Amino acid sequence: RKEVEQDPGPFNVPEGATVAFNCTYSNSASQSFFWYRQDCRKEPKLLMSVYSSGNEDGRFTAQLNRASQYISLLIRDSKLSDSATYLCVVSRGGGADGLTFGKGTHLIIQP
Amino acid sequence: NAGVTQTPKFRVLKTGQSMTLLCAQDMNHEYMYWYRQDPGMGLRLIHYSVGEGTTAKGEVPDGYNVSRLKKQNFLLGLESAAPSQTSVYFCAINSAGTQYFGPGTRLLVL
Numbered sequence: 001r002k003e004v005e006q007d008p009g010p011f012n013v014p015e016g017a018t019v020a021f022n023c024t025y026s027n028s029a030s031q032s033f034f035w036y037r038q039d040c041r042k043e044p045k046l047l048m049s050v051y052s053s054g055n056e057d058g059r060f061t062a063q064l065n066r067a068s069q070y071i072s073l074l075i076r077d078s079k080l081s082d083s084a085t086y087l088c089v090v091s092r093g094g095g096a097d098g099l100t101f102g103k104g105t106h107l108i109i110q111p
Numbered sequence: 001n002a003g004v005t006q007t008p009k010f011r012v013l014k015t016g017q018s019m020t021l022l023c024a025q026d027m028n029h030e031y032m033y034w035y036r037q038d039p040g041m042g043l044r045l046i047h048y049s050v051g052e053g054t055t056a057k058g059e060v061p062d063g064y065n066v067s068r069l070k071k072q073n074f075l076l077g078l079e080s081a082a083p084s085q086t087s088v089y090f091c092a093i094n095s096a097g098t099q100y101f102g103p104g105t106r107l108l109v110l
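Residue numbers (the working numbering), protein chains in the order written: chain C, 1 to 111; chain X, 1 to 110.
In short, the hints are calculated from the structure, not lab data.
There's no promise every hint is true.
Dumping the calculated SDA-like pairs for lysine to any residue here, alpha-carbon to alpha-carbon at most 20 Å [stated by the list, open to error]:
#1 C:45 x X:109
#2 C:42 x X:22
#3 C:42 x X:40
Since the model is a prediction, treat every value here as computed from it, not as a measurement.
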């Protein structure tokens with residue numbers, strides 16, 4: 001079983017729609033969770049951290065379910081500029097041993 | 001890029017040649033990392049460092065060496081490049097538990 005699994009997509013979504021991605025992780029010792037965004041031929045950039053209680057940042061909402069070991073990202077009122085690859089990322093914490101990345105979900109917002 | 005720079009941006013090597021990739025940061029971060037990203041594989045950790053003079057192996061360290069002689073710089077070396085090392089290489093730093101990436105180095109090994 002892969003450590004972090006995501007549906008690679010692509011998700012083709014009309015502008016203004018709501019879209020949701022899920023990701024599952026296998027290591028129950030994982031402590032920190034993130035969504036990163038990566039544009040074509042660019043570096044990954046932090047979109048948001050994911051907290052146990054769930055958190056929201058503008059049009060973006062992230063949820064964590066530790067019991068089922070999955071993380072979700074919801075994007076409301078999608079914009080053309082949201083087109084990117086979204087990477088689900090987990091860490092055992094402490095910073096010393098890096099992050100474990102999912103392969104990413106490709107999102108295409110269509111006008 | 002949280003003050004993380006990578007040199008060079010792009011390089012073409014022949015099999016067997018050597019090269020060094022440089023990652024530099026200007027914010028005094030302790031933790032630095034080297035990842036590679038390949039199509040369909042996601043990012044994978046090559047080596048990392050938790051401070052000046054220290055290095056450790058990540059998930060895919062074979063064929064690479066690293067050094068952190070100065071806190072600001074984390075070097076990734078390929079002693080004898082192979083086509084399997086064709087990839088995009090990203091350096092990252094850790095700031096308050098979150099990693100921030102440099103712009104990447106695209107390496108093509110022929």
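Hint check results:
1. C:45 x X:109: violated (27 Å)
2. C:42 x X:22: Since the Cα atoms of residue 42 (chain C) and residue 22 (chain X) sit roughly 18 Å apart, the hinted pair holds (cutoff 20 Å).
3. C:42 x X:40: Judged against 20 Å, a Cα distance of about 16 Å means the pair holds.
Consistency with the previously given hints fails for number 1 only.
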